[in-house]
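Student: Turn these sequences into a full structure, and let the hints guide you.
Residue numbers (numbering that gives the first Met the number 0), protein chains in the order written: chain H, 0 to 334; chain E, 0 to 285; chain F, 0 to 417.
No lab work stands behind these hints: they were computed from the structure. Treat the hints with care, since some could be wrong.
As the list claims (entries may be wrong) - Label-pair ranges, simulated between beta-carbon atoms:
#1 GLU206(H) <-> ILE222(F): 54 to 62 angstroms
#2 LEU310(H) <-> LEU66(E): 54 to 62 angstroms
#3 GLU206(H) <-> GLU152(F): 55 to 63 angstroms
#4 SER126(E) <-> LYS353(F): 48 to 56 angstroms
#5 SER126(E) <-> TRP174(H): 54 to 62 angstroms
#6 LEU417(F) <-> LEU257(E): 25 to 33 angstroms
#7 LYS353(F) <-> LEU280(H): 35 to 43 angstroms
#8 MET29(H) <-> GLY374(F): 30 to 38 angstroms
Beta carbons: idealized from backbone N, C-alpha and C, even for Gly.
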Amino acid sequence: MMASHSHLRRGFTGTGWFVILVVLAGLHFMPWVMPEHVHIMIMTLLFAAMGQGWNILGGYVGQFSFGHSVFFGMGAYTSTLLYIHAGLTPWVGMVCACAMGMVLGLSIGFLSFRYGLRGPFFALIMLAFAEIFHMIAMGWPAVGASHGLLIPLKGNSVAALQFTTKEPFYFMALWMMVGTLYLAWRLERTRTGLYFLAVREDHEAAEALGVNTFRAQMVAMALSAGITSTAGTLYAQYLLYIDPDSTFGLLNSVEIMVRPIIGGPGTVLGPLLGSAVLTPLAEVTRLAFQSYSGVYLMWYGLILMVVIIFLPNGLMGLIYQLIEKIRKKSKRNDE
Amino acid sequence: MLTFVIQSLVNGILIGGVYSLIAIGLTLIFGVMNIINFAHGALMMLGVFFTYWLFTLGHVDPYLSILFVVPSMFLVGAVFQWSLIRPIMNAPEHNQLFLTLGAMLFLQNLAVFLWSPDYRIMKTPYSGVNFYVGEIALSLAHLMAFGMAILFAAILYLILHKTDLGRAIRAASEERTGAMLMGVNIKRIYWVAFGMGTACAGVAGTAITPFFPIYPYVGDIFVLTAYVVVVLGGLGSVFGAFLGGIIIGVADSVGAMLLPGSMKSIMSFVIFILILLFRPKGLFGK
Amino acid sequence: MKKGKRALEGKGISRRDFMKSTAAAGMAAAVGSIGFPAVLRGAEPKEILIGHIHPLSGFLAFDGQEMKKATEFGIQQVNAAGGIKSLGGAKLKLLDGDSEGKPEKAISEVERLERAGVVAITGCYQSAVTIVATQIAEKLKVPFVVAVASAEEITKRGFKYTFRIQPASSMFADQVCRYMTEIAKAKGDKIKTIAYLHESTQFGTALADYTVEYAPKYGLELILRVPYSTKAADVSTEVGKIKAAGADLIFDSGYFGDGVRVLRTMRDLRVNAKAIVGVANGAFSHPKFIQELGDLADRVMDSNYQVNPRSDYAVKTLAEFKNKFAADMSPSMAYSYQPIPVIADALERAKSTKREDLREALTKTNFTRHILPQGPIVFGPDGQNKNANTLLMQILKGKIEEVWPEEYSTAKVVYPVL
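Tutor: Laid out in structure tokens, this is it:
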């Protein structure tokens, strides 16, 4: 898929890094540039991070999970339950959430990859697991059942990871997203990253060449699940309320998936681009139609269909194509 | 207590018929084109709403409206395949998954936009009519749904095994290249099969209107179960889909008996996972 | 700035307006973030904004839209009587909030209403949603007068900004057990066992929990509880379990749509008991319930909040509502209406639209001009209406009658119902 653009993946030059740092610094000022949109920005960043998590397993390894909400929910519930019942600070809770997510991911991965599930079958089994957890969360009183869990109000408390303003959450989401970008960027340049691509491009050939495909998929799954679960904790602390539908629900799996697919599967910036396009689109649709909140999903569906048919490499693919065109043109001009 | 168990099993079998009907459509599409159609539930939902509007605005009896629903849903399916699926027939498999997912999102939320997410009830003369065998209540509407499932499964079976078209479809699903070499118009088979599968989903939609609320997300519940049924029965096997539907209907009932309400489908999903892992071919798959 | 605000309150907006209004909203939000609407600085207000959050769409849309009408009626009634006189006759205006039946939607709705400058919020019909909404309101320091929501913990969290008019879950459970025992005794009958069918969120579960707790006090025992999902289209297995239990009394708690489904299923499966009693049931004492089920609804009871049938003012208000909206006011609607006159009364006494002043005034409420079967509305230190009462209703000959306690009754109770 993206192999032909490998020359675009070389390290950054000095100028490149400078630009990145300037952009990053600029992003820190956004809450004061657009204060009424801080919520949208937080959601954009959070889902971009989770999208990147999905991307590691989906875009890079080619295993498309239709049930990533299971990790999101697992993370949110783990840290919340630990806080409510054991008073454990959500900072540590976040680490636990990440760990639980990884354990869950590895367990599901072990079953799925061991039995060679791929493509639609893997997608469906993830969906099945997500639904099972959804139903358990709905019916089990110990985790709040359908009432969900309310995190007790503590005002401004760093120890309890609660703030009365949105800005701290913005920064946390920003850094989480940057962290995932960096992770993906680094992965692309390691051997593991190459193994991922090998598995995606041709599973059997990779095996024949001695790549441990099982191990590669498990590593990807662990990273993918861990990232998504960690984001779950952040979400819970931000809203101070979680319930089975808003965490394990099918809609979340879709939201997480759709960003990297439209943005560009198997690319570093894809999920961010996808989120930057889709999250505001959803908000604007919500306001403009002022009818029912599901309507923005119509756009998601439409854009998804258009992208799949005309831009199978997503928006990043389109951008790369344009860059290629410009490069070729400038080369021709040089000659 | 025994009454309760028997009543639950009876309900399970009857609703299983509806699952069968949806699954048959899904398995036909998969068998011929190797596509898992995520939009199948949304298409069923279109059938539901089509029936509802015919009933509410045109006072057409729901069972009579099948005469409209079948051809129009067939058309919808054919157009769907021709315009959306055909361009990506040769694309990697996952693209097909995402495309049908996109179609589902679009259709479902178009329905929300047009008709609101509110629940509507269709008050037909059949709603609330029950026959009693001893202490066991048999709802007329459920019996009709089951009857329709059997009828359409039988019709589909006859078409597949007794007509030239059916033979062509089966040939195309078993051996695409060979079929083409024998002169089968593969392109036509695709949209025909998709049309037929969609028509089945549409009929299933009609079948549930007398006893189920009508709302845009109605397809979700049924289509998740339909995947389980299709995999259980074996992808591509119409008979497997029919039998699988009944089995899953009963499994759901047993689940409801043993577990609190919101968890009843756990049983069928666990079955689903076990089959995917240990016997992906299902009962009668190819 | 005003133009921007109007654009936000309106219906659909064009992209250009959105851009304009966003800038305006940004400014308004910055200024308004201190805690009260910038427009009200110093001068007498012409319009006082009150927000409400209800499930206006989704699976509880029927109930939600009714609550909206009732709330709107309250606003109209107050305005027709001259608005808030101590604030120069300022009129009340209602801002809608749609929870869609989901708690997490309430979060953004409360924040949106707060930004728009409401002095108070009411709602939300669902306990789960209300619990979340009141928490955010508490965080943002906006007075929240709960209309309909029964969960105990709504007023048990030490919040300063939460007030509730309707009775709490524990009262419902306690009173229904007491009423049924009294009725059985009066009819010379002995009852022991209860089977409880309830919807599975906070609302139904809490009621069942309290029933378990209070039943023994009256010599009763809850032998089976069966939760069901409001969204489930088919409840035959759950009803089947209730039938199999063979208890003396069947209790049922749920919302309107599922209440209809439950009773219909009970009739289909021929479920019998000495009485089928709703507890805070959204359907069993709703006028539309009888329209939906006709004869099937006969003799069904509901122990619920209710309008005072013996109060002239209540009867007059109900007639006024029927005139304006061409529909009967159900008890749920009555309790959605009631917060508005209470808030208006508090505004009168506060003589200010600052939220803290309104909160202060609400704590001192002693309101008698209401339509409820109780003494004056007085809020305890936890924000709960101390004198709240429930009544036992029964559907007899196609009408909802109040049958117990006898001081509020309009007809004689029929028991056992078989």
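Student: Range hint 25 to 33 angstroms: satisfied by the CB atoms of LEU417(F) and LEU257(E)?
Tutor: 31 angstroms, holds
Student: Okay, GLU206(H) versus GLU152(F) on CB: inside 55 to 63 angstroms?
Tutor: With a Cβ separation near 56 angstroms, GLU206(H) and GLU152(F) satisfy 55 to 63 angstroms, so the hint holds.
Student: Do the Cβ positions of GLU206(H) and ILE222(F) conform to the proposed distance bound of 54 to 62 angstroms?
Tutor: 60 angstroms, holds
Student: Cβ-Cβ distance between SER126(E) and LYS353(F): within 48 to 56 angstroms?
Tutor: Check passed, 54 angstroms falls within 48 to 56 angstroms.
Student: Okay, MET29(H) versus GLY374(F) on CB: inside 30 to 38 angstroms?
Tutor: 55 angstroms, violated
Student: Is it true that LYS353(F) and LEU280(H) lie within 35 to 43 angstroms of each other by Cβ?
Tutor: 38 angstroms, holds
Student: With 54 to 62 angstroms as the target window, see if LEU310(H) and LEU66(E) comply at their CB atoms.
Tutor: The hinted range 54 to 62 angstroms is violated for LEU310(H) and LEU66(E), with Cβ atoms some 42 angstroms apart.
Student: Is 54 to 62 angstroms right for how far apart the beta carbons of SER126(E) and TRP174(H) are?
Tutor: 57 angstroms, holds
When held up to the earlier numbered hints, the structure conflicts with 2 and 8 and fits the remainder.
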